[in-house]
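Enquirer: Chains as they are written, first to last, in this note's numbering: chain B, 1 to 117; chain F, 1 to 110.
It is worth saying that the hints were derived from the structure and are not from the lab.
Treat the hints loosely; a few may be bogus.
To be verified - Calculated pairs, DSSO-like style, for lysine-lysine (alpha carbon to alpha carbon, straight line, at most 30 Å):
#, chain 1, residue 1, chain 2, residue 2
1, F, 70, F, 57
2, F, 11, F, 57
3, B, 56, B, 67
4, B, 42, B, 56
5, F, 11, B, 42
6, F, 57, B, 42
7, F, 11, F, 53
8, F, 70, F, 11
9, F, 70, F, 53
10, F, 57, B, 67
11, B, 56, F, 70
Take a look at the letters that make up each chain.
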Amino acid sequence: QKEVEQNSGPLSVPEGAIASLNCTYSDRGSQSFFWYRQYSGKSPELIMSIYSNGDKEDGRFTAQLNKASQYVSLLIRDSQPSDSATYLCAVILPVENSGGSNYKLTFGKGTLLTVNP
Amino acid sequence: DAGITQSPRHKVTETGTPVTLRCHQTENHRYMYWYRQDPGHGLRLIHYSYGVKDTDKGEVSDGYSVSRSKTEDFLLTLESATSSQTSVYFCATLRQGRQYFGPGTRLTVT
Numbered sequence: 001q002k003e004v005e006q007n008s009g010p011l012s013v014p015e016g017a018i019a020s021l022n023c024t025y026s027d028r029g030s031q032s033f034f035w036y037r038q039y040s041g042k043s044p045e046l047i048m049s050i051y052s053n054g055d056k057e058d059g060r061f062t063a064q065l066n067k068a069s070q071y072v073s074l075l076i077r078d079s080q081p082s083d084s085a086t087y088l089c090a091v092i093l094p095v096e097n098s099g100g101s102n103y104k105l106t107f108g109k110g111t112l113l114t115v116n117p
Numbered sequence: 001d002a003g004i005t006q007s008p009r010h011k012v013t014e015t016g017t018p019v020t021l022r023c024h025q026t027e028n029h030r031y032m033y034w035y036r037q038d039p040g041h042g043l044r045l046i047h048y049s050y051g052v053k054d055t056d057k058g059e060v061s062d063g064y065s066v067s068r069s070k071t072e073d074f075l076l077t078l079e080s081a082t083s084s085q086t087s088v089y090f091c092a093t094l095r096q097g098r099q100y101f102g103p104g105t106r107l108t109v110t
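My request is simple: use the sequences and hints to build the entire structure.
Expert: This is the structure in structure tokens:
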């Protein structure tokens with residue numbers, strides 16, 4: 001069973017703090033990893049993608065990938081109340097028997113983050 | 001933004017009736033997906049398509065069928081709606097590893 005696991009939370013942090021969101025995945029064939037943010041009642045939106053081991057920074061967001069440990073994380077520095085949302089981890093995998101030509105994403109259940117003013 | 005629209009945005013229907021949800025995209029993306037999202041379950045893949053008339057089942061496909069006769073349209077049909085299919089349905093496309101989502105359809109089966 002290919003799975004993506006996240007702590008459901010809720011995770012609560014004070015404004016200005018670092019929020020740390022974690023995700024583990026089971027399929028070692030996973031090549032690409034994504035973090036989506038979803039505000040209540042809205043559709044998910046991509047905020048970070050990471051493909052190789054190490055850190056990737058974009059503004060206040062840093063994604064970290066460790067393929068050996070099958071672990072990907074998202075750090076949000078200087079958290080703001082506007083960061084309050086559900087964060088979804090997603091992994092892209094080739095579809096079995098497609099010869100690597102077709103792909104689908106598997107999502108974790110999401111972590112609800114609340115940033116308190 | 002991949003120009004994805006979904007219709008209807010909201011629907012209330014009765015158990016046993018057929019329901020069709022439509023997804024329309026304007027960016028000519030090859031891959032299209034239908035997900036449902038429920039509390040405690042996250043996003044679960046129902047069906048997906050990797051081209052016109054090429055579709056495959058996802059993890060929760062029972063009770064659903066899809067059709068894709070044109071690149072821009074991907075239809076999801078509930079042949080006989082059940083209360084367990086009450087959910088928010090998202091359509092999405094995929095291009096260069098990035099998934100783009102439509103605004104969602106909230107379906108209530110009474």
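Enquirer: Does each hint hold? Answer for all of them.
Expert: Status of the hints after comparison with the structure:
1. 70/F <-> 57/F: Holds. Residue 70/F to residue 57/F sits at ~19 Å (cutoff 30 Å).
2. 11/F <-> 57/F: This hinted pair holds, its Cα atoms lying about 24 Å apart.
3. 56/B <-> 67/B: Holds, at roughly 14 Å.
4. 42/B <-> 56/B: With a Cα-Cα distance of about 26 Å, the restraint between residue 42/B and residue 56/B holds, given a limit of 30 Å.
5. 11/F <-> 42/B: 17 Å, holds
6. 57/F <-> 42/B: 25 Å, holds
7. 11/F <-> 53/F: 27 Å, holds
8. 70/F <-> 11/F: Distance ~24 Å between residue 70/F and residue 11/F Cα, so the pair holds.
9. 70/F <-> 53/F: Distance of about 8 Å is within 30 Å: holds.
10. 57/F <-> 67/B: Distance of about 28 Å is within 30 Å: holds.
11. 56/B <-> 70/F: With a Cα-Cα distance of about 38 Å, the restraint between residue 56/B and residue 70/F is violated, given a limit of 30 Å.
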